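Kindly produce the complete structure, drawing on both the sequences and the hints.
The residues making up each chain are set out below.
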Amino acid sequence: MNTDPTRLSAAELAHAIASKELSSVEVVQAHLDRIAAVDADVHAFLHVDGAGALDAARAVDERRASGEDLHVLAGVPIAVKDVMATKGLPTTCGSKILEGWIPPYDATLVSRLKAAGMPILGKTNMDEFAMGSSTEHSAYGPTHNPWDLTRIPGGSGGGSSAVVAAYEAPLAIGTDTGGSIRQPASVTGTVGVKPTYGGVSRYGLVALASSLDQAGPCTRTVLDAALLHSVIGGHDPMDSTSINAPVPSVVEAARRADVKGLKVGVIKELGGEGYQAGVRARFDESVTLLQEAGAEVVEVSCPSFDYALAAYYLILPSEASSNLAKFDAMRYGLRVLPEGIEDPSAEQVMAATRDAGFGDEVKRRIILGTYALSSGYYDAYYGQAQKVRRLIANDFSTAFEQVDVLVSPTAPTTAFKLGDKLDDPMSMYLQDVATIPANLAGVPGMSLPSGLADEDGLPTGIQILAPATQDERLYNVGAALEKMLVDRWGGPLLAKAPQLTAKGA
Amino acid sequence: MPPEHARGRFVVREAPRLAPMSALSRDDVAHLAGLARIDLSDAELDRMVGELGVILESVAKVQEVAADEIEPMSHPLPLTNVTRPDEVRPSLGAEAALAAAPEKEQQRFSVPRILDED
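Residue numbers (the numbering used here), protein chains in the order written: chain A, -8 to 496; chain B, 5 to 122.
For the record, the hints were derived by calculation from the structure and aren't laboratory data. Mixed in with the good hints, there may be bad ones.
[Said to hold, decoys possible] On the chain B side, residues computed to face chain A include the following (Cβ under 10 Å):
no.: 1; residue: Ala40
no.: 2; residue: Ala64
no.: 3; residue: Ile74
no.: 4; residue: Ser78
no.: 5; residue: His79
no.: 6; residue: Thr84
no.: 7; residue: Val92
no.: 8; residue: Ala101
no.: 9; residue: Arg117
no.: 10; residue: Asp120
[Claimed, not checked] What follows is a set of in silico ranges between Cβ atoms, one per label pair, in the way DEER data are often shown:
no.: 11; chain 1: A; residue 1: Met417; chain 2: B; residue 2: Asp46; range: 16 to 26 Å
no.: 12; chain 1: B; residue 1: Ala47; chain 2: A; residue 2: Met417; range: 16 to 26 Å
no.: 13; chain 1: A; residue 1: Glu12; chain 2: B; residue 2: Gly54; range: 26 to 36 Å
no.: 14; chain 1: A; residue 1: Glu283; chain 2: B; residue 2: Ser95; range: 48 to 58 Å
no.: 15; chain 1: A; residue 1: Glu17; chain 2: B; residue 2: Gln110; range: 45 to 55 Å
no.: 16; chain 1: A; residue 1: Arg49; chain 2: B; residue 2: Gln111; range: 31 to 41 Å
no.: 17; chain 1: A; residue 1: Gly482; chain 2: B; residue 2: Gly38; range: 55 to 65 Å
no.: 18; chain 1: A; residue 1: Gln393; chain 2: B; residue 2: Leu49; range: 41 to 51 Å
no.: 19; chain 1: A; residue 1: Ala50; chain 2: B; residue 2: His35; range: 49 to 59 Å
no.: 20; chain 1: B; residue 1: Ser95; chain 2: A; residue 2: Asp60; range: 24 to 34 Å
[What the hints assert, rightly or not] Listed below are several chain A residues computed to face chain B (Cβ distance under 10 Å; list not exhaustive):
no.: 21; residue: Gly41
no.: 22; residue: Ser201
no.: 23; residue: Lys254
no.: 24; residue: Leu325
no.: 25; residue: Leu328
no.: 26; residue: Asp334
no.: 27; residue: Phe349
Quick caveat, the model's predicted, so the values are computed rather than measured. Every residue gets a Cβ at the ideal spot worked out from N, C-alpha and C, and that includes glycine.
Below you can see the structure in the form of structure tokens.
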């Protein structure tokens, strides 16, 4: 067994801690050392809570020493995307408007991590209010892809994908509104899952688009994602859209990993033109592997997916423009007084604050949403987008009458260079073309590594989609495919990533 | 009627050119920014007119779908109202609730004037 705790999976760490080969304090310290060594280059953390994580680890070690029966992941550390409220820890959402804000409460998901005895290492970087596909819209500077520091780690949850890929944390929490867990997983060679809408509580998740947002696991293995999913999932009375049913049996499914007799649908509309050759080649190989393992593969058409991106970029800005109205400079966050106005009104203070506190992408989307919702344009834009949304959900229903799961490439390209798409919002939006339909319909999706593209040697991802509340299917298929791929590669894909140069330490 | 042709399980028609996207003027954007309470600078306004034009042209694609008979979908789950018993339960105290306020006074949020002076 590898002696460096940061190289172990969460499942392996859990086992090592439970069998007292390692203490939680040792595991947390190893990750803090790793963060100190590489995060100056990766910039995946906005805030590291070393003292808090070590305190939590010490408490778990003491409880274990006293013979207490602990959660399976007790003592295994985790990083949390900076969009989740954490009591006593800064929560900025990657925005200047929330700089220095310390929430007075924990998100339900965070309470559940704490209840399971999982030390929180810190808060991860993200595009401002989760708007973006590269983390370049973070007000605190971009995160760098551990595979190539000149490239994007995906977004919005690029901090969470990068901490896992750079071995700064074994587990991280992401949120996925249009692909913000899955696309970062794809471009960093990691695993990311967006559960069924309502599967994980949104209480304490700073809302971007309430009908699309869903938190989920960012990990290096499918089993780790399942273990984390079962910690954070389940009904929460504090979220009225939370599903009142037990968490799907995701861990059992990840251990089963058997696709024999399963029907897999390849989505015709996702994967052709506009997808990088290496992304397509690795996807086709994965599909062939599933077939060889006994799955029946058919092509499935979802014709309205061609309109998903357009519908999404009306629905999301509309909901965001409403959700972000709460940043009004009155109760918390930034307050900026307008220049040259004596005794300004609340309205003028609000407008000056929102100009100073929001970045370009956030302003663009708020104004786009304000337009889409305005009288005279509502039917043509927001109303029409909602109808397209229905058609997309219908396409999923029809498809899932024929197959058990659907598959597609996760993202159309590998990680692009930092700065490449900053001046072209539409080309940035296209990164999420394959992930958006799942959010619109509320169905669960997983991305796992499918290999390296021949043309650039960078990771590619395959996406698995299942019907709502059938999240366990993702884990069954994902784990089966992961096992076959890892056998082919002779080890995890991340082992092929270049070593990061340690600084200081 | 615009020309229609079958595509998949629904019908596509040429986009009705409701509002030509290039028609979104600098004044329109300034007006929208006012509604959204964002005090955009002149340079920001100049840039955003062009960017929003490109985005709007692209998202207007939703108008190509003839969906008159389709019920709009606002949410992925069938929503039902969720209630709880009307019982007192613990909540944030005034101090915690005010802790992050830009300004506070007498256990309240202190805000700039909300009325015009006349």
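Hint check:
1. A hinted interface residue such as Ala40(B) counts as satisfied when its beta carbon comes closer than 10 Å to some beta carbon of chain A; here the least separation is about 5 Å, so the hint holds.
2. Hint on Ala64(B) holds. Least Cβ distance to chain A is approximately 7 Å, under the 10 Å limit.
3. At about 4 Å, the closest approach between the beta carbon of Ile74(B) and any beta carbon in chain A falls short of 10 Å, and the interface hint on this residue holds.
4. Hint on Ser78(B) holds. Least Cβ distance to chain A is approximately 6 Å, under the 10 Å limit.
5. With its C-beta approaching chain A no nearer than about 5 Å, His79(B) sits inside the 10 Å limit, and its interface hint holds.
6. Among the interface hints, the one on Thr84(B) holds; its C-beta lies about 9 Å from the nearest C-beta in chain A, closer than the 10 Å criterion.
7. The beta carbon of Val92(B) comes no nearer than 16 Å to any beta carbon in chain A, farther than 10 Å, and the hint placing it at the interface is violated.
8. Among the interface hints, the one on Ala101(B) holds; its C-beta lies about 7 Å from the nearest C-beta in chain A, closer than the 10 Å criterion.
9. For Arg117(B), the interface hint holds, the least distance from its beta-carbon to any beta-carbon of chain A being 6 Å, beneath 10 Å.
10. Residue-level restraint check for Asp120(B) holds (minimum Cβ-Cβ distance to chain A is 7 Å; threshold 10 Å).
11. Our hint of 16 to 26 Å for Met417(A) and Asp46(B) holds, since their Cβ atoms are close to 24 Å apart.
12. Evaluation of the 16 to 26 Å hint for Ala47(B) and Met417(A) yields a pass: the beta carbon distance comes to about 21 Å.
13. Taken as a hint, the range 26 to 36 Å is violated for the pair Glu12(A) and Gly54(B), whose Cβ atoms sit roughly 60 Å apart.
14. Against the hinted window of 48 to 58 Å, the Cβ-Cβ separation of Glu283(A) and Ser95(B) comes to about 57 Å, which satisfies the hint.
15. Checked against the given bound of 45 to 55 Å, the beta carbons of Glu17(A) and Gln110(B), roughly 50 Å apart, stay inside it.
16. For the pair Arg49(A) and Gln111(B), the supplied restraint of 31 to 41 Å holds, since their beta-carbon distance comes to about 37 Å.
17. Checking the proposed 55 to 65 Å range against Gly482(A) and Gly38(B) shows it holds: the Cβ atoms sit about 57 Å from each other.
18. At roughly 50 Å, the beta-carbon separation of Gln393(A) and Leu49(B) lies within the given 41 to 51 Å, and the hint holds.
19. For the pair Ala50(A) and His35(B), the supplied restraint of 49 to 59 Å holds, since their beta-carbon distance comes to about 55 Å.
20. In this structure the hint that Ser95(B) and Asp60(A) lie 24 to 34 Å apart at CB holds, the actual value being about 32 Å.
21. Given hint, Gly41(A) at the interface with chain B, is violated; its Cβ is 23 Å from that chain's nearest Cβ, farther than 10 Å.
22. The criterion of a C-beta within 10 Å of any C-beta in chain B is met by Ser201(A), whose closest approach is roughly 9 Å, and the hint holds.
23. With 10 Å as the threshold, the beta carbon of Lys254(A) stays out of range of chain B, its nearest partner Cβ sitting at about 20 Å, so the hint is violated.
24. The restraint placing Leu325(A) at the interface with chain B holds, with a minimum CB-CB distance near 7 Å, inside the 10 Å limit.
25. The closest approach between the C-beta of Leu328(A) and any C-beta of chain B is roughly 8 Å, which is under the 10 Å cut-off, so the hint is satisfied.
26. The beta carbon of Asp334(A) is positioned within 10 Å of a beta carbon in chain B (closest approach about 7 Å), and the interface hint is therefore held.
27. A cut of 10 Å between beta carbons decides the hint on Phe349(A): the least distance to chain B is about 7 Å, and the hint holds.
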